[in-house]
Amino acid sequence: QKEVEQDPGPLSVPEGAIVSLNCTYSNSAFQYFMWYRQYSRKGPELLMYTYSSGNKEDGRFTAQVDKSSKYISLFIRDSQPSDSATYLCAMKNFNKFYFGSGTKLNVKP
Amino acid sequence: SQTIHQWPATLVQPVGSPLSLECTVEGTSNPNLYWYRQAAGRGLQLLFYSVGIGQISSEVPQNLSASRPQDRQFILSSKKLLLSDSGFYLCAWLRLANTGELFFGEGSRLTVL
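Heads up: the sequence lines are chains C and E, in that order.
For what it's worth, the working numbering labels the leading residue of the first sequence as 1, then goes sequentially.
For what it's worth, the working numbering labels the leading residue of the second sequence as 1001, then goes sequentially.
These are calculated hints, taken from the structure and not from any lab test.
Where hints are given, some of them may not hold.
As the list claims (entries may be wrong) - Using C-beta positions, here's what the derived DEER-type ranges look like:
id, chain 1, residue 1, chain 2, residue 2, range
1, E, S1029, C, L11, 36 to 42 Å
2, C, S82, E, T1003, 30 to 36 Å
3, E, P1018, C, D66, 23 to 29 Å
4, E, S1058, C, R41, 25 to 31 Å
Claimed, not checked - Stretch by stretch, here's where chain E covers chain C in the computed footprint (C-beta under 8 Å, at least three residues):
id, stretch
5, 23-34
6, 38-48
7, 94-103
Just so it is clear, CB atoms sit at the ideal spot from N, CA and C, and this is done for glycine as well.
All chains, full assembly: derive it from the sequences and hints.
Laid out in structure tokens, this is it:
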């Protein structure tokens, strides 16, 4: 079983839609939960990180962590064509980070 | 400001040739540094991480090695490349130890022929 599971998509939505991206994990020791955006042939860009359970909002992005279910989500409101990218979830335990395989998102104008 | 640099950005190497990828971080001291590899359409595989000069932890046994000769320099090397070494190599640094703020460089795309 992988440490972090993420649906690869692709996910295609119309501009303005609300996007929901999700990951599940198996290691209850994870304490930090991150979301990255990666454009083609570029390094991943940190969007948000959350410590432990709860919600965190930053502009059009909301991250949710449910440690009891080992489930994290990223919501994107009013999605834009510029949001088209691969989104990676990541989790941290001590000095190590574990990544999902990424969900490819396409926002159609 | 804090930045991370990786080079070269792209390289094509024959099987059996050596490899050296370099990563440097500016604007910080004693960062945790990481090397990841990303195969096409796949997630990030942790190869090495370092918590200080000369301190290297290897996550995946293979023909790659890493070194940290200076506080803000992290080098990924190989003596003889294999076809399976092709991929997108990413260096990253952890801004603060007790956070999730891991920042990546722009990556080095390696093709082994």
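Hints versus structure:
Against the hinted window of 36 to 42 Å, the Cβ-Cβ separation of S1029 of chain E and L11 of chain C comes to about 41 Å, which satisfies the hint. Range check, S82 of chain C to T1003 of chain E: Cβ separation about 23 Å, and the 30 to 36 Å hint is violated. The given range of 23 to 29 Å is broken by P1018 of chain E and D66 of chain C, whose C-beta atoms sit roughly 47 Å from each other. Between S1058 of chain E and R41 of chain C the CB atoms are about 27 Å apart, so this pair conforms to the stated range of 25 to 31 Å.
With 3 residues having a Cβ less than 8 Å from any Cβ of chain E, the stretch 23-34 of chain C passes the three-residue criterion, so the hint holds. Only residues whose beta carbon comes within less than 8 Å of a beta carbon in chain E count, and the stretch 38-48 of chain C has 6; three or more means the coverage holds. For the stretch 94-103 of chain C, the proposed coverage by chain E is satisfied: 8 residues have a C-beta within less than 8 Å of a C-beta in that chain, meeting the threshold of three.
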